Amino acid sequence: MAQLRHDHTEFVSRDVAVVVVGPEDAQSFSDYWQKENLTFIGLPDPKASVLKLYGQEVNLFKLGRMPAQVLIDKEGIARFVHYGHSMSDIPSNEEILALVDEINQAK
Amino acid sequence: MPRVSLNQPAPNFTLPDFSGKDFSLADLKGQKLVLLVFNRTFA
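First to last, the sequence lines map onto chains A and B.
For the first sequence, my numbering begins at 2 and goes up steadily by one.
For the second sequence, my numbering begins at 1335 and goes up steadily by one.
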């Protein structure tokens, strides 16, 4: 999350809306957003409806869910899908930004 | 387990954000790219 906040302006300048979905409730989101001064969209999903829709892996034995990222272009097509295999398995923002540049330039 | 597939339409969803305002993926179509981040926890 810190990495995302750090690069948020890079995403904004490329016409990317960053949307964070998580299992916490609205109050936890609100508290965290305030504390960390976050500006991207935060969607509490305690019922895991979107998580299930997108098929994020749930591993009960590991107490939770692995991180996942999906980049969707302006036509609503998924252009990058990454399902983490561990908590630290998150692609770098540089990797995603490079892809965004590619998509934007192709227009 | 269903998974979103590369180069296929991303499933639409509508969910209230933490301030109670509805967010719908379809609303951004034609306007913005979306980086959807599934976060496990705020840690």
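No lab work stands behind these hints, which were simulated from the structure alone.
Computed from a predicted structure; not experimentally measured.
Please note that a few of the clues may not be correct.
[To be verified] Think about it this way: if two alpha-carbon atoms lie no more than 27 Å apart in a straight line, the pair counts; the simulated DSS-like pairs of lysine-lysine are:
(1) Lys1355/B with Lys1366/B
(2) Lys1363/B with Lys53/A
(3) Lys36/A with Lys48/A
(4) Lys75/A with Lys53/A
(5) Lys53/A with Lys1366/B
(6) Lys1366/B with Lys75/A
(7) Lys36/A with Lys1363/B
[To be verified] What follows is a set of in silico ranges between Cβ atoms, one per label pair, in the way DEER data are often shown:
(8) Ser1358/B with Glu95/A: 26 to 34 Å
(9) Asp1356/B with Glu103/A: 28 to 36 Å
(10) Thr1348/B with Ser93/A: 28 to 36 Å
(11) Ala1360/B with Ser89/A: 14 to 22 Å
(12) Asn38/A with Ser1339/B: 31 to 39 Å
(13) Leu1340/B with Gln28/A: 30 to 38 Å
Cβ coordinates follow ideal geometry from the N, Cα and C atoms, glycine included.
The hints, checked one at a time:
Proximity of Lys1355/B to Lys1366/B is assessed by CA-CA distance (about 18 Å); at most 27 Å being required, the pair is judged to hold. Taken as a hint, the Lys1363/B and Lys53/A pair is honoured in the structure, with Cα atoms around 22 Å apart against an allowance of 27 Å. Using a Cα cut-off of 27 Å, the hinted pair Lys36/A and Lys48/A holds, with the two alpha carbons roughly 24 Å apart. As the CA atoms of Lys75/A and Lys53/A are separated by approximately 23 Å, the hinted pair is consistent with the 27 Å bound.
Distance check on the hinted pair: Lys53/A and Lys1366/B sit about 24 Å apart at the alpha-carbon level, within 27 Å; holds. With a C-alpha separation of about 5 Å, the suggested pair Lys1366/B and Lys75/A falls inside the 27 Å cut-off, and the hint holds. With a CA separation close to 31 Å, the supplied pair Lys36/A and Lys1363/B exceeds the 27 Å bound. Between Ser1358/B and Glu95/A the C-beta distance comes to about 29 Å, which sits within the given range of 26 to 34 Å.
As the Cβ distance of Asp1356/B to Glu103/A is approximately 31 Å, the hint placing it in 28 to 36 Å holds. Our hint of 28 to 36 Å for Thr1348/B and Ser93/A holds, since their Cβ atoms are close to 30 Å apart. At about 32 Å, the CB distance of Ala1360/B to Ser89/A disagrees with the hint of 14 to 22 Å. For Asn38/A paired with Ser1339/B, a C-beta distance near 35 Å keeps the hint of 31 to 39 Å intact.
Checked against the given bound of 30 to 38 Å, the beta carbons of Leu1340/B and Gln28/A, roughly 35 Å apart, stay inside it.
In the structure shown, a violation is registered for the earlier hints numbered 7 and 11, in ascending order.
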